[in-house]
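2 protein chains.
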Amino acid sequence: MLTTLAGRYQRDLYESVLPFWMKHSVDREHGGFFTCLDRDGTLYDDRKYVWLNGRQVWMLSKLYNTVEKREDWIEAARLGAGFLRRHGRDPQGRVYFALQRDGTPAAYQRKPYGAVFMMLGLLEYSKATGDTAARTEAEELFWRIREWIADPRLMGRLAFPGPKVSQLADIMVVTSMALELAAADPGDARYPEILGECIDAALRHCEPNREILIENVGADGKFLTDTPEGRLFSPGHAVEVCWFLLHALRYRPDAARQEKVLRILENSMLFGWDEDHGGLHYFLDIQGRPPLQLEAPMKLWWPHTEALYSLILAYTLTGESKWLQWLERTHDYTYRTFPDPEYGEWFGYCDREGKITHSLKGNNYKGCFHVPRALWMCIDAIERYGSGN
Amino acid sequence: MLTTLAGRYQRDLYESVLPFWMKHSVDREHGGFFTCLDRDGTLYDDRKYVWLNGRQVWMLSKLYNTVEKREDWIEAARLGAGFLRRHGRDPQGRVYFALQRDGTPAAYQRKPYGAVFMMLGLLEYSKATGDTAARTEAEELFWRIREWIADPRLMGRLAFPGPKVSQLADIMVVTSMALELAAADPGDARYPEILGECIDAALRHCEPNREILIENVGADGKFLTDTPEGRLFSPGHAVEVCWFLLHALRYRPDAARQEKVLRILENSMLFGWDEDHGGLHYFLDIQGRPPLQLEAPMKLWWPHTEALYSLILAYTLTGESKWLQWLERTHDYTYRTFPDPEYGEWFGYCDREGKITHSLKGNNYKGCFHVPRALWMCIDAIERYGSGN
Chain A
142 MLTTLAGRYQ
152 RDLYESVLPF
162 WMKHSVDREH
172 GGFFTCLDRD
182 GTLYDDRKYV
192 WLNGRQVWML
202 SKLYNTVEKR
212 EDWIEAARLG
222 AGFLRRHGRD
232 PQGRVYFALQ
242 RDGTPAAYQR
252 KPYGAVFMML
262 GLLEYSKATG
272 DTAARTEAEE
282 LFWRIREWIA
292 DPRLMGRLAF
302 PGPKVSQLAD
312 IMVVTSMALE
322 LAAADPGDAR
332 YPEILGECID
342 AALRHCEPNR
352 EILIENVGAD
362 GKFLTDTPEG
372 RLFSPGHAVE
382 VCWFLLHALR
392 YRPDAARQEK
402 VLRILENSML
412 FGWDEDHGGL
422 HYFLDIQGRP
432 PLQLEAPMKL
442 WWPHTEALYS
452 LILAYTLTGE
462 SKWLQWLERT
472 HDYTYRTFPD
482 PEYGEWFGYC
492 DREGKITHSL
502 KGNNYKGCFH
512 VPRALWMCID
522 AIERYGSGN
Chain B
142 MLTTLAGRYQ
152 RDLYESVLPF
162 WMKHSVDREH
172 GGFFTCLDRD
182 GTLYDDRKYV
192 WLNGRQVWML
202 SKLYNTVEKR
212 EDWIEAARLG
222 AGFLRRHGRD
232 PQGRVYFALQ
242 RDGTPAAYQR
252 KPYGAVFMML
262 GLLEYSKATG
272 DTAARTEAEE
282 LFWRIREWIA
292 DPRLMGRLAF
302 PGPKVSQLAD
312 IMVVTSMALE
322 LAAADPGDAR
332 YPEILGECID
342 AALRHCEPNR
352 EILIENVGAD
362 GKFLTDTPEG
372 RLFSPGHAVE
382 VCWFLLHALR
392 YRPDAARQEK
402 VLRILENSML
412 FGWDEDHGGL
422 HYFLDIQGRP
432 PLQLEAPMKL
442 WWPHTEALYS
452 LILAYTLTGE
462 SKWLQWLERT
472 HDYTYRTFPD
482 PEYGEWFGYC
492 DREGKITHSL
502 KGNNYKGCFH
512 VPRALWMCID
522 AIERYGSGN
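The listed protein sequences derive, respectively, from chains A and B.
For what it's worth, this note's numbering labels the leading residue of the first sequence as 142, then goes sequentially.
For what it's worth, this note's numbering labels the leading residue of the second sequence as 142, then goes sequentially.
Check each hint, because a few of them may be wrong.
Listed next, the in silico BS3-like pairs over lysine-lysine satisfying Cα-Cα at most 25 angstroms (straight line) [unchecked claim]:
no. : chain 1 : residue 1 : chain 2 : residue 2
1   : A       : K401      : A       : K463
2   : A       : K496      : B       : K363
3   : B       : K210      : B       : K252
4   : B       : K164      : B       : K252
5   : B       : K210      : B       : K268
6   : B       : K252      : A       : K252
Calculated from the structure, these hints are not laboratory results.
Start from the sequences and build out the full structure, keeping to the hints where you can.
As structure tokens, then:
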């Protein structure tokens with residue numbers, strides 16, 4: 142089964158997904174990447190979203206670094222990295238959310254994610270090219286992002302009375318950056334240290350009754366289940382964090398914690414799966430209350446890409462057949478719902494029953510990232526497992 | 142047909158909708174109104190949303206002023222008005238978006254709508270009670286809101302390069318406030334003047350090919366159809382603005398403009414109606430591009446309440462049978478989709494095909510407002526029409 146899947150993912154990645162982005166997203170005039178692309182690649186908004194530009198620089202550089210030294214990939218990455226370095230930050234060093242096509246500032250988000258993916262893109266790009274200035278900027282960004290997360294007022298957010306909240310998304314992005322820095326600089330002990338803190342912090346999001354990861358808990362570890370935020374469960378997010386934690390545990394080996402993460406993964410799939418219509422719910426309230434998000438009942442592509450890789454990783458770590466059953470179920474749902482064999486790439490959004498609701502292939506939240514990253518990681522994990530590594 | 146509808150709306154308003162809110166939303170301990178109520182009225186979030194609190198004060202005071210001097214209505218309005226006046230504004234006079242149950246500040250929105258509905262609530266409450274301080278605060282707020290809309294930086298929004306944008310929502314809320322002030326103070330010529338400016342401004346949102354109102358145009362009158370915002374059509378919003386304009390035209394009579402507004406209403410229904418599944422779409426792109434909003438394909442309750450009243454108003458103004466046909470179609474869809482005869486009030490959200498997606502009756506955007514306002518206005522318009530007024 143795994144070999145068949147690897148072949149399928151290989152064809153999808155190199156014949157459908159990457160060609161779509163390479164053909165339609167690269168702006169050879171101003172640099173950077175368009176992501177608001179309709180089904181057939183038609184551009185419907187020429188703004189450039191910093192976080193998606195950073196993600197695409199990361200993805201193309203990563204493929205160049207790990208799969209094949211393709212000139213077209215690194216040339217596109219160079220157009221993206223240059224655009225981000227010229228236009229991505231304001232005079233105080235804060236990172237914009239959106240830019241006009243030519244790089245004119247268009248919006249802030251007051252969240253750290255633009256900076257996170259600019260950092261990841263520049264770091265991976267520097268590995269590919271030896272561009273030390275990009276590497277230095279990436280490291281500088283990492284330490285600033287840690288400050289911004291610790292004190293969101295530095296991003297222009299307003300502070301209100303009430304308990305300080307720990308957000309799972311913040312822990313995940315710090316984990317993702319520290320993993321890449323730890324790999325880039327194996328001699329620096331700070332990054333494994335931070336990964337240890339991230340594992341601790343993420344496990345404080347484990348809701349004890351169901352043993353799943355929820356989005357928001359008090360910074361003091363208390364659960365905030367009186368509020369919709371404190372009851373919010375995003376199954377895709379939970380399973381994505383699980384694979385980040387399994388990677389982080391390579392730097393802080395701990396068999397009991399690995400067991401726990403695997404139980405959380407299984408419980409997040411169980412509680413997150415829609416038994417009526419298949420697929421992972423987007424948002425759920427752990428007490429069955431109505432979520433405030435209107436899109437809660439929809440199905441999105443990215444929880445499924447993250448589940449595919451997490452399940453393959455869990456199987457390669459344990460050899461337990463239950464993971465293959467979950468993988469088959471998730472793969473079948475995903476491939477019957479999202480990919481578009483006609484124009485390439487995947488659709489991103491459908492209703493609860495699996496009918497596509499948006500014709501787009503990219504927008505301000507979907508770019509050249511979750512689909513190619515998951516396919517590349519799945520192929521890589523299956524190949525390593527097959528070769529005994 | 143109209144008489145039958147009026148009877149239906151009476152029963153719905155007084156036996157189902159108002160009892161739901163009077164029973165579940167009033168906080169007799171701290172004042173103010175809860176709105177995050179699940180299907181049966183269970184509270185799932187005890188924060189108080191300033192704009193929805195203002196709307197409920199307005200609605201209850203309006204019913205007290207126009208329908209019946211019911212003690213329970215004005216007593217609840219008093220609890221809401223007092224809560225807003227104690228807690229709704231910061232020391233600089235800006236209006237919060239959300240408060241904790243006890244009035245502790247919880248969030249700003251950097252938009253004017255909290256202030257708008259606080260203003261409308263206090264004004265109507267002052268008419269009911271003769272509370273001149275509430276009246277003074279409402280008028281002060283009106284003029285400040287005009288400044289905030291003219292320069293959103295005063296609300297903490299950041300300015301970016303590019304064309305200044307006129308938002309249909311801003312025009313609509315100024316129209317709504319000026320209408321109430323014009324009625325409250327018939328001797329003041331400033332309000333009819335402002336209503337004239339609002340009519341001009343709203344008609345600059347008329348997209349010439351389809352003759353519908355779109356959400357965003359350049360402040361210089363240019364269309365911004367290169368961007369998703371500049372192509373955005375919200376059918377419910379368009380039909381809501383139409384009835385506001387028809388009311389505003391009472392102060393600035395102009396037969397040609399009334400004709401135009403009625404054509405816009407008809408075209409907005411035509412272009413906004415989902416011929417496959419019935420009901421009004423939530424968001425459409427006028428060029429058929431994918432909207433950025435994930436909730437675009439859903440159906441929401443409030444476009445349908447606004448359509449019901451606009452269509453009745455159009456019929457009572459013209460006597461043309463086409464409006465009754467649209468009304469029948471809209472009424473049938475609305476009443477087969479949203480009301481909840483079991484626990485009262487209406488559901489608010491369903492998927493494109495009309496299946497309810499959220500069990501809630503209220504949240505941070507849905508409160509005691511669109512349903513009772515539309516039912517009250519429909520009943521009133523039908524009664525006036527029947528009596529020849």
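Tested hints:
For the given pair, K401(A) sits about 16 angstroms from K463(A) by alpha-carbon distance, which is consistent with the 25 angstroms threshold. A hinted pair counts as satisfied when its Cα atoms are at most 25 angstroms apart, and K496(A) with K363(B) does not qualify at roughly 37 angstroms. Between the alpha carbons of K210(B) and K252(B) the distance comes to roughly 34 angstroms, so the proposed pair goes past 25 angstroms and is violated. Distance check on the hinted pair: K164(B) and K252(B) sit about 30 angstroms apart at the alpha-carbon level, beyond 25 angstroms; violated.
Taking the CA atoms of K210(B) and K268(B), the gap is about 12 angstroms. The hint holds against a cut of 25 angstroms. For the proposed pair K252(B) and K252(A), the alpha carbon gap of about 19 angstroms is at most 25 angstroms, so the pair holds.
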